[in-house]
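Based on these hints, arrange chain B with the ligands on the given structure of chain A.
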Amino acid sequence: MAVVVKKVELTWVDRTYVIPVLQGMAITMKHFLKQILTRSRKRFTVQYPEWKREVAPGYRGLHELKRFEDGSIKCVACFMCAEACPARCITIEADAFGDLNKTQGFEEKRPAVFRIDMLRCIYCGMCEEACPKDAIWLRGDYEQASYDRLSMQFGKWDLMNTYADKDGKARITQDPTPSIPRNPTSL
Amino acid sequence: MEFLARLLHLQPQTFWMIAKVIIVFAGPLTLAALLTWVERRGSAMIQDRIGPNRALLFGRWRLLGLPQLAADGIKFFLKEDLVTADANKALFWLAPFLAFVPAMMGFAVIPFGRSLVQGGQTYHMSLLEPGNGMGMLYPLAIGSVAVYGILTAAWSSNNKWSILGGMRASAQMVSYELAMSLAVVAIFLRTGGYDPHEIIAHQAVLWNVIPQFFGFLVFFVCMFAETNRLPFDFAEGESEIVAGFHTEYGSMKFALLQLSEYVHIVTAAALIVTLYFGGWQVPFVAAPSVTLSIAAFVLKLVFFCWVFIWIRWTVPRFRFDQLMFMGWKVMLPLSLGNLMVQAFLMYRRG
Ligand code: SF4
Ligand code: SF4
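If you read the protein sequences in the order shown, they are chains A and B. Here the first sequence is numbered in the numbering used here, starting from 1 and rising by one per residue. Here the second sequence is numbered in the numbering used here, starting from 1 and rising by one per residue.
This is chain A alone, in the form it adopts within the complex (with noise of 0.2 Å):
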């Protein structure tokens, strides 16, 4: 439908323009002096590379792999996220879990890899949502970008180091070994 626009009735004193015009000058001396005396950190403009912006808790960014605090991941290879993924980006191989360790007491299975391909990935959040074990989240990081294609496949440490030094983590290569024994009780 089309839109019908009004037309403006302009007074005599619009018709001269010169009153209206001063008024917009006004106007932008008015933006020009506030952004001028505003300190820059405080201005409307987020200066990219040295200020980041704070992402809503919301945010659907870049993957985690979650892990337990004994460092073993979270995730149990069940392919939920990569069924679930409309972008069919998740590469899954599952790996049988030998040495069972303390938190971890049931599962069987772990990836051996876990490879999500960033270029396709759209940030939906439905491999979050599909995860039985919550092992997989999205989180603050947007800024993903890289020079070539094979370096936004991010394997599995990748993803489970994502924010490994942010939150305190250290940073892991290599399952960690079983130090105590499965306990039969817990069952």
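Simulated from the structure, these hints should not be mistaken for laboratory data. One thing to keep in mind: the hints can contain errors.
Label pairs and their calculated CB-CB ranges [claimed, not checked]:
id	chain 1	residue 1	chain 2	residue 2	range
1	A	D141	B	F77	32 to 42 Å
2	A	W51	B	G73	27 to 37 Å
3	A	S146	B	G59	41 to 51 Å
4	A	M25	B	F25	25 to 35 Å
5	B	R60	A	A170	28 to 38 Å
Predicted, not measured: the structure shown is a model, and the values here were computed from it. Glycine included, each C-beta is placed from N, C-alpha and C at the ideal position.
This is chain B with the ligands only, laid out in the frame that chain A set:
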């Protein structure tokens, strides 16, 4: 001055002439280069943005984005210089100079300070001495010549959008030139002469902007048309004619076209200051010293340059028919009426 002249083994007059040529050409050019920065930062501030500040000097100093000027300069020189296959090559190369040179030349007649008397010799602070017979007619004539640069640029690129832009520029020029000249003629009537030195001397008590307010209004608006600045920059137009007359231009040639616009602003501001705001006169100071008079002139000049930028970021571009309407049906009668009233007052006074 005599000391400097002796240092270079020159007659003081010769030395002063050379110095004036350098001042008159380098001054507006520097100011124009700075204006490109002021425009970008100023527009950013007006629009609640930050503006260019990424270029660093030696990777360290930001200086509020001023290194951007150097970066732009280097970029303009190093860019590939494209000339489209069907362009008229000679004219295509000539056009930026046709736009740039008249813009530079207009400033020659403007007195930028009080005349200096030293060693029994009067040094005038303008490139063309008073009583040269051209007076204020010269910058007006030169200013209109600048449109040839735009027309040539438009025509030689052999691009229909460019030609539309050039056509609009020339039509605009025609509709504004008359009103502008008539406004200036009223000033000539008031002064009884058309030499800028006389005009400025005549404004010692009262600046022309008060008795000649309508004339000032007309002249000021026409200056926007003359400089091709935003409310009336019909030679350009991103939304309707791609970019206008400089669509096909790149690298240094584009820079020249762009820079000539800024030099035009400086000249236009100088004209406004000279004709309506007392030139180098300082309010409430009967006989300012030479330094003070130059400072006053430069201050006024910079202020009006800023007004040009300020207005550009306030008022959107007019429609073409609105411009024609304004030019012929508002500006011309207003200017003519102003002239008649002025003439009548002079007749009454006898
Ligand atoms: S966020 Fe969406 S697209 Fe990305 S991996 Fe998860 S399910 Fe797939
Ligand atoms: S991340 Fe979650 S859904 Fe995906 S395979 Fe691991 S446990 Fe299953």
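These are the hints, each one checked on the structure:
no.: 1; hint: A:D141 to B:F77: 32 to 42 Å; in the structure: 40 Å, holds
no.: 2; hint: A:W51 to B:G73: 27 to 37 Å; in the structure: 29 Å, holds
no.: 3; hint: A:S146 to B:G59: 41 to 51 Å; in the structure: 24 Å, violated
no.: 4; hint: A:M25 to B:F25: 25 to 35 Å; in the structure: 32 Å, holds
no.: 5; hint: B:R60 to A:A170: 28 to 38 Å; in the structure: 36 Å, holds
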